[in-house]
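Protein chains: 2
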Amino acid sequence: MVELPKSIKNLIAAFERLPGIGPKSASRLVFYLLNTPESYVAEMARSLLAIKKEIKICKTCFSVCEGEICSICDDSERNKKIICVVERAIDVMAIENIGGYKGVYHVLGGVVNPLEHVGPDDLKIDELVKRVEEIVTDGEIEIILATNPTMEGEATALYIKKRLESLSDKNIKISRIGSGLPMGADLEYADQATLSRAMDGRREI
Amino acid sequence: MVELPKSIKNLIAAFERLPGIGPKSASRLVFYLLNTPESYVAEMARSLLAIKKEIKICKTCFSVCEGEICSICDDSERNKKIICVVERAIDVMAIENIGGYKGVYHVLGGVVNPLEHVGPDDLKIDELVKRVEEIVTDGEIEIILATNPTMEGEATALYIKKRLESLSDKNIKISRIGSGLPMGADLEYADQATLSRAMDGRREI
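Read top to bottom, the protein sequences are chains A and B.
The letter at position 116 of the first sequence is residue 115 when you use numbering that gives the first Met the number 0, and the numbering goes up by one with no holes.
The letter at position 101 of the second sequence is residue 100 when you use numbering that gives the first Met the number 0, and the numbering goes up by one with no holes.
The shape of chain A in the complex, shown without the other chains (with noise of 0.2 Å):
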């Protein structure tokens, strides 16, 4: 048996730790960048390197940016008393992506995951509670709990209710994210969870 190159096999190695990217593929895109121009590859390497360098944490948000404070925060037609806590970044983008949106956001870093180690101290809960006490005294504010639909997101949303009911603010109003069926689902198929919550969340119309 041959053995690869070693510069070969160390970007498999690291392509394979991409999440979703296996042996297979990881050498697939190997020998797929092996043929294409230097310039590309090149360009693909300064770019990796400008995201650790450029990209900061919002001081306010902890979602991306590239200055201190990201552009959400920054805007002053944003309404600054929704605020929409999600888990990831990523998550910033997808509602923003539908437009509409005129609040705030709070990125969480992740969700309470006892298997995995994480727990409320390692995201930025404390720092919410922070944030809604600042802007409470203000008037009526809403908090849109957006983390996902999974046992560790409803989790992470329930506690995060009970820390912000405890400030026994009567301003706060706070949501969930709806969750049902997604936009052209069959019912036949649907899992028993969802439509469970489908049935919940019935909206008169």
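Just so you know, the hints here were simulated from the structure itself, not pulled from any lab data.
Treat the hints with caution; some may be incorrect.
As the list makes no split between identical chains, a pair holds if one copy fits it or if it spans any two.
[Claimed, not checked] Restricting the straight-line Cα-Cα distance to at most 30 Å, the calculated cross-link-like pairs of lysine-lysine (DSSO-like) are: (1) 23 - 55; (2) 129 - 52; (3) 52 - 8; (4) 5 - 52; (5) 23 - 79; (6) 51 - 5; (7) 161 - 123; (8) 23 - 51.
Since chain A is already given, all that's left is putting chain B on it; use the hints.
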């Protein structure tokens, strides 16, 4: 709608150009990389540049290598009179991984594909014919045509067969890699072309 920071957009664009990676996977990979240690991203960037700097094409078989000649062509234990003709360097690795094959390789660099303007002259076919001419004087040789069993791979194999036959040397044995049902397959679900190949390729046991 918020704009993603430029360095993130650049890296997403770079990932999107890879085969099998769409816009959604690309941004998922980039946001994953944002949360990894800088050392890993730096290592990945270094490996990317290294493959272009350190990897060369073997002068004999056109596979990838680190010197002038690849380790297979350079191995005196390999039978230089059996040449397995493959489309790409990654196919060499696939055959090497099964072990057992003791001949050498010839990497064409693709297949004849008129739709993508790839003709026989764009492949290393002339080089193969020259290579065969050089060694055939020493006695019988075998050429295994192991291009993929696709329309283009078949056409390329047929073309090479004709070119080699025109050498009108009786010492050249030309074979095509076996085609039929893959291991673990189910007759019921096999497509007609594969099943027809499997019938044609039946062997006495």
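Against the structure, the hints:
1. 23 - 55: between (33 Å within a copy, 22 Å between copies)
2. 129 - 52: within (29 Å within a copy, 51 Å between copies)
3. 52 - 8: both (26 Å within a copy, 14 Å between copies)
4. 5 - 52: both (27 Å within a copy, 12 Å between copies)
5. 23 - 79: Classified as between; 29 Å across copies, 47 Å inside a copy.
6. 51 - 5: The answer is both: 25 Å in one copy and 12 Å across copies each meet 30 Å.
7. 161 - 123: within (15 Å within a copy, 69 Å between copies)
8. 23 - 51: For residue 23 and residue 51, both the intra-copy (27 Å) and inter-copy (21 Å) Cα distances are at most 30 Å.
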